[in-house]
Amino acid sequence: MSPAEFVTDLLNPDLAFLPKALLIAVMSSIVCGVIGCYVVLRGMAFIGDAVAHAVFPGLAVAFVLSGSLVLGGTVAGVVTAILVAVFAQNRRVREDTIIGVFFVAAFALGIVIISRAPGYAGSLQQFLFGSITGIPDRDLYTVAGAGVAILGVLGALHKELVTVSLDRETARAMGLPVFWLDLALYVLVTLAVVISVQTIGNILVLALLVTPAATARLLTDRLGLMMVLAPLIGGLGALAGLYVSWSWDYPTGGTIVLVLTAGFLAAWLLAPRQGRVRAVTRRWTRGARPG
Amino acid sequence: MSRVIDVQGLSVRLGGRLVLRDATLHVGHGELVGLIGPNGAGKTTLLRAALGLLAPAAGRVTIDGRPARPGRAPIGYVPQRHEFAWEFPLSVEHVVMTGRTGALGVLRRPGVEDWRAVDDALERVRIGGLRERPVGQLSGGQRQRVLVARALALQPAALLLDEPFTGLDMPTQDLLSDLFAALAHEGRAVLMTTHDLAAALYTCDRLALLNETVIATGTPTALTADPGAWMRTFGVSERSPLLRMLRAAA
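Protein sequence lines, in the order shown, are assigned to chains Y and C.
Quick note: the first sequence uses numbering that gives the first Met the number 0, first residue 0, plus one each step.
Quick note: the second sequence uses numbering that gives the first Met the number 0, first residue 0, plus one each step.
Just so you know, these hints were derived from the structure itself, not from any lab.
Mixed in with the good hints there might be a few duds.
As the list claims (entries may be wrong) - Residues from chain Y that face chain C, not an exhaustive set, calculated with beta carbons under 10 Å:
| hint | residue |
| --- | --- |
| 1 | 44 |
| 2 | 159 |
| 3 | 161 |
| 4 | 162 |
| 5 | 163 |
| 6 | 167 |
| 7 | 171 |
| 8 | 223 |
| 9 | 227 |
| 10 | 274 |
We put the beta carbon where it would ideally sit given N, CA and C, even for glycine.
In isolation and in its complexed conformation, chain Y is listed as follows:
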């Protein structure tokens, strides 16, 4: 399918779900791209993965009760984040172990809950791997509203989050509420995950958080530019992924993630300063220089 045919399909009223899916995928990729910069720079990929799994029981409960998926996922994610923060105060067990315990438990709870619903296998697959059909109009507004709110709070807390990320002890000495800032970031990550789950799925949503930000990090040493590049890469990846997925009938979530991964590999090879090709060329040029 050519790009022009894809645009025609996007404008086709019989395929109204397609532009909605595109909008939601791009919006959630942009939001995840920005917040993913904190996730990548703070080494929180495991926590991102945990939150992604932790929202599952909330989604399952909301699905079984025909309630709001966004609300259900958010409540479950926030409750799990608080449990991790509280249990991690006990220094006998490391925080990553606590996270491991709770996210698997949350995910297992989600599976048990959704197994009680009729048509369980199809629903499970939809949650795990995402789907571009059946997105109601109100979800568009919910995702847009949540996205603006997430970006707004991130903008308001940016300098505090950066200060805590650089060195927690000094941040505490300055009087910054480190625990509450951590919790705020977990909640924002949870919200970003929840708004992204529908199109990309529960299993793959971590890629939206991590891959565009990691790609941007390879391309720049400036935090400001990284926070512009990451959502741009995420948004373009979502657009290209949906196009490939629609053209060749591949699963949407998986295709978006593969496109983003291809972008990461390209940056790893070709990044202007840190890329492998540049490094090899530099070594070769130095070796060829006489004396």
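Since the structure of chain Y is already known, use the hints to place chain C on it.
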């Protein structure tokens, strides 16, 4: 000399263990005091208590006459270099600006005054020429100066330095020693933990020997003449290289 940092009979428990016991120490305006002791003696614990990060089990710590509490008094804190996330993609000037985050408050962006404070701090530690360089590309000595500049950006009355010489070569140590002495003599109270006895002996106005409690305080000259205090602090014999070095310094 008025006391900026005043530690009186301080005891601190960590995980049920008494790490500091009845420690008394003060640092006045314009003074550089070196806190010296073996590993696990409680040096960093004392700094953390002075920052208000640890609640005393007994005794008290005051800064400028008020009980130590995080963010209350303008204290510049320079942590050990390995505690800082150097891979973060920030330029030197932006890292130094984070020193003012607590004072700025939520939702406030840095203004002209804040940038002026950053400029002054960068010039004070002589890294103005590196202001746009990503911090990940700096050498160990340059990184240490960035941390000092970040602490100075708050325009503090007191500076707490945790092992600032660790892992640095001699020329860089000399440069930093001179800088710390100059910062103190401009009127700040500077308290520094260190394992570098040579730098402490030749740079500090006073030394405090610490091992669970403050065993002795005095000028470097007075303390080098008191080998017993060093033997009690480090648990070494008269024949140890430490004592021989002190005799040579005296």
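Here's how the hints hold up against the structure:
This hint is violated: residue 44 of chain Y has a C-beta 14 Å from the nearest C-beta of chain C, more than the 10 Å allowed. Taken as an interface hint, residue 159 of chain Y checks out: its beta carbon lies about 6 Å from the nearest beta carbon of chain C, inside 10 Å. With a least beta-carbon distance of about 6 Å to chain C, the hint placing residue 161 of chain Y at the interface is held under the 10 Å criterion. Here the hint on residue 162 of chain Y is kept, as its CB sits about 4 Å from the closest CB of chain C, short of 10 Å.
At its closest, the beta carbon of residue 163 of chain Y sits 9 Å from a beta carbon of chain C; the interface hint therefore holds under the 10 Å criterion. At a threshold of 10 Å, the smallest CB-CB gap from residue 167 of chain Y to chain C is about 8 Å, leaving the interface hint in force. Using the Cβ-Cβ criterion of 10 Å, the hint placing residue 171 of chain Y at the interface with chain C is satisfied: the shortest such distance is roughly 6 Å. Checking residue 223 of chain Y against chain C: minimum C-beta separation of about 9 Å stays under 10 Å; hint holds.
For residue 227 of chain Y, the interface hint is violated, the least distance from its beta-carbon to any beta-carbon of chain C being 12 Å, above 10 Å. The interface hint given for residue 274 of chain Y is violated, since its Cβ lies 16 Å from the closest Cβ of chain C, which is over the 10 Å cut-off.
In the structure shown, a violation is registered for the earlier hints numbered 1, 9, 10, in ascending order.
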